[in-house]
Amino acid sequence: MHAAGFIQGCSAVHQSGRYSARGGHAAWEQNQQGPLDVQRKQVYEQPLPEFGKLQCADKLAFSAAAMLFGELSGIDRTDFGICLGTVYGSLSTDIRYMESLVAGYPRPAYFSATLPSSPVAEVAIRFGIKGPNRVVCGGACPGLSALDCAFGILRKNKAPAALVMAINALEAADRSSALIGPAQFTEPYAYALLISAGRWEKGLNRRFVFEGEFHDRGMTLAGDESYFLDMILAIILRRQCRIAVESAGFEGSLSIEKD
Amino acid sequence: MNDFSVVLEQAQVLTALGDLDATTQSLIHGACALRPGPCFGADSAFAPFPDEKCRRLRCAASRLASSLGVRLQNNGSTVFINCIAKGDIHSLEEVVGGNASHVDLPPLVDRQAQEACAAMGLKPSHIISISNACASGAIAVERAKELLEERRYDCAVLFGIESICAFVASGFNALAALSRHGARPFDAKRDGLSLGEAAALAVLSYRPAVKGDIVISGAGSSNDANHRTGPSRTGEGLLRAARAALNDASMEPGDIGAVKCHGTATQYNDTMEAKALRGIFGGSCPPCASFKGAIGHTSGAGSLVEILIASRCLARKTLPPTAGYALHGVDEKITLSSAPQPIAAPSILCLSAGFGGVNAAVIISEAQ
Numbered sequence: 001m002h003a004a005g006f007i008q009g010c011s012a013v014h015q016s017g018r019y020s021a022r023g024g025h026a027a028w029e030q031n032q033q034g035p036l037d038v039q040r041k042q043v044y045e046q047p048l049p050e051f052g053k054l055q056c057a058d059k060l061a062f063s064a065a066a067m068l069f070g071e072l073s074g075i076d077r078t079d080f081g082i083c084l085g086t087v088y089g090s091l092s093t094d095i096r097y098m099e100s101l102v103a104g105y106p107r108p109a110y111f112s113a114t115l116p117s118s119p120v121a122e123v124a125i126r127f128g129i130k131g132p133n134r135v136v137c138g139g140a141c142p143g144l145s146a147l148d149c150a151f152g153i154l155r156k157n158k159a160p161a162a163l164v165m166a167i168n169a170l171e172a173a174d175r176s177s178a179l180i181g182p183a184q185f186t187e188p189y190a191y192a193l194l195i196s197a198g199r200w201e202k203g204l205n206r207r208f209v210f211e212g213e214f215h216d217r218g219m220t221l222a223g224d225e226s227y228f229l230d231m232i233l234a235i236i237l238r239r240q241c242r243i244a245v246e247s248a249g250f251e252g253s254l255s256i257e258k259d
Numbered sequence: 001m002n003d004f005s006v007v008l009e010q011a012q013v014l015t016a017l018g019d020l021d022a023t024t025q026s027l028i029h030g031a032c033a034l035r036p037g038p039c040f041g042a043d044s045a046f047a048p049f050p051d052e053k054c055r056r057l058r059c060a061a062s063r064l065a066s067s068l069g070v071r072l073q074n075n076g077s078t079v080f081i082n083c084i085a086k087g088d089i090h091s092l093e094e095v096v097g098g099n100a101s102h103v104d105l106p107p108l109v110d111r112q113a114q115e116a117c118a119a120m121g122l123k124p125s126h127i128i129s130i131s132n133a134c135a136s137g138a139i140a141v142e143r144a145k146e147l148l149e150e151r152r153y154d155c156a157v158l159f160g161i162e163s164i165c166a167f168v169a170s171g172f173n174a175l176a177a178l179s180r181h182g183a184r185p186f187d188a189k190r191d192g193l194s195l196g197e198a199a200a201l202a203v204l205s206y207r208p209a210v211k212g213d214i215v216i217s218g219a220g221s222s223n224d225a226n227h228r229t230g231p232s233r234t235g236e237g238l239l240r241a242a243r244a245a246l247n248d249a250s251m252e253p254g255d256i257g258a259v260k261c262h263g264t265a266t267q268y269n270d271t272m273e274a275k276a277l278r279g280i281f282g283g284s285c286p287p288c289a290s291f292k293g294a295i296g297h298t299s300g301a302g303s304l305v306e307i308l309i310a311s312r313c314l315a316r317k318t319l320p321p322t323a324g325y326a327l328h329g330v331d332e333k334i335t336l337s338s339a340p341q342p343i344a345a346p347s348i349l350c351l352s353a354g355f356g357g358v359n360a361a362v363i364i365s366e367a368q
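Residue numbers (my numbering), protein chains in the order written: chain A, 1 to 259; chain B, 1 to 368.
It cannot be assumed that every hint is accurate.
Simulated crosslink set (SDA-like; lysine to any residue; CA at most 20 Å straight-line) [as the list claims (entries may be wrong)]:
1. B:123 x A:248
2. A:53 x B:227
3. A:156 x B:247
4. B:123 x A:215
5. A:53 x B:228
6. A:156 x B:250
7. A:156 x B:227
Calculated directly from the structure, the hints in this document are not laboratory data.
Here the structure is a predicted model, which is why all the values come from computation and not from measurement.
Just chain A, same shape as in the assembly:
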């Protein structure tokens, strides 16, 4: 598999801070616990009273998308596609809903977010994105699978651009919950890339190449998908790079070419 395109925007909400193509890096406030503690004003200028009520995966997805689109004014997003790769899906929200069910008061607001695709809904509604959708859940590298889906959409000319998101969202309390067995967890994150097949007149236009092969080497939890952060850092620093990826689900590379 070989795919090439242009990155028109990028962002990350990560334990080490928030990142975006033009805004660079911003550290968390001293009293903040990281991605799941992100504040609306740190990612989105307009008031959004619902922000605090968003489930963790939805909040991370919204935050990453808000940072990315906050740097791209005057573009029509209507026909864009959205491709999401999610490690745990809606597991935290599933637990919240189950708790409400056991308590005898099943909450519709939780139930409607008990879907791995829930973050796509949040982003589509808030940013008016009506193009094709793909949600890949689980596996060793769901974010790369989502990136692969995005190229599928672009190659078939189904959308002028695709928002690719890789999300790992599990509430801290759920990691130590008796409901979940012993496991190694990676810190929550959300990465977002906006890719197009061709150059844009007033775009970021960082050409990148995605090549390699997907395979399956048994069940595994995804790693931290940090190759996305490496790529975003290279874009921010206007560097070229080739990031080798060797995981249980994919072997290949992501390359950012010279600016």
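Given chain A, put chain B in place with the hints provided.
Using the frame of chain A, we list chain B on its own:
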């Protein structure tokens, strides 16, 4: 059709009405598998598997594979696409019910795909779980089509299973979306959906189609960008998906011989869908049907199950009646019937929609 096409090589389903042939035959004869509730605590009619063992993934997967009568290919490269709407909810229920000590990670979506492959003796090159709510199956077909047309794999195996549980039944009940007496798609007295259980298996390849083959002619998807649980009031999203599928197929609306509707029998869905159909076909809507009044809404597996049933209907050139439909209950003049309808042109447009505003459309055609 001498050009290469994405061909439906094999298909099988298990529904409340039986396997693929039995389900198709029963639907055409007007059967309804809905039984009175309670449905996992909800006062609602539902359509469970006839054999409770099929609720277990391994059992359903091995039955599907063995009933195809051939061993699935293990030579060449295969992508396995699992269609799933929810996450690890069955494991959560096991823990809460005291039948398991905890939920294991990786979550169900991985385990489900791996278990299905093991049960079918399949060793795919790559496994993907597509999770786009109740449109998962249709979007899995769209993704498979893309991968096969790019010649990334020799074959795509699509699988989905939906068994009802208290988690899902209580959720739809809390949303006041369930019908007490049974789903009546597009009917004036419709009052909600009925849950159903089903599993599906499909094998797709990319080769020159020969006469009689069922091919995936086109596929498209979209998002309403409107509401988390309710569909767009205008039908614009579903219309976009249908137009994308027609565009992908290089077809015009007049090429479509019938429509397999999403048809959940909720007020909003059916109203929205009827508007979308008017948008697609104007005043010349071909015969339409929803299967959910007979086999229930089978959620993550649903759109794949219904596409495969539609493929059999296409081969028989007959669209089943819409179970539960008696008195037209939407403003648009779409051609629904309580009797079987002939399919005049050799293509069916299969529509799906889901929570989060997702819409998907798949066009299946019989090669001439």
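Quiz item: Among the hints numbered above, which are violated by the structure, and what are their numbers in rising order?
Solution: 7
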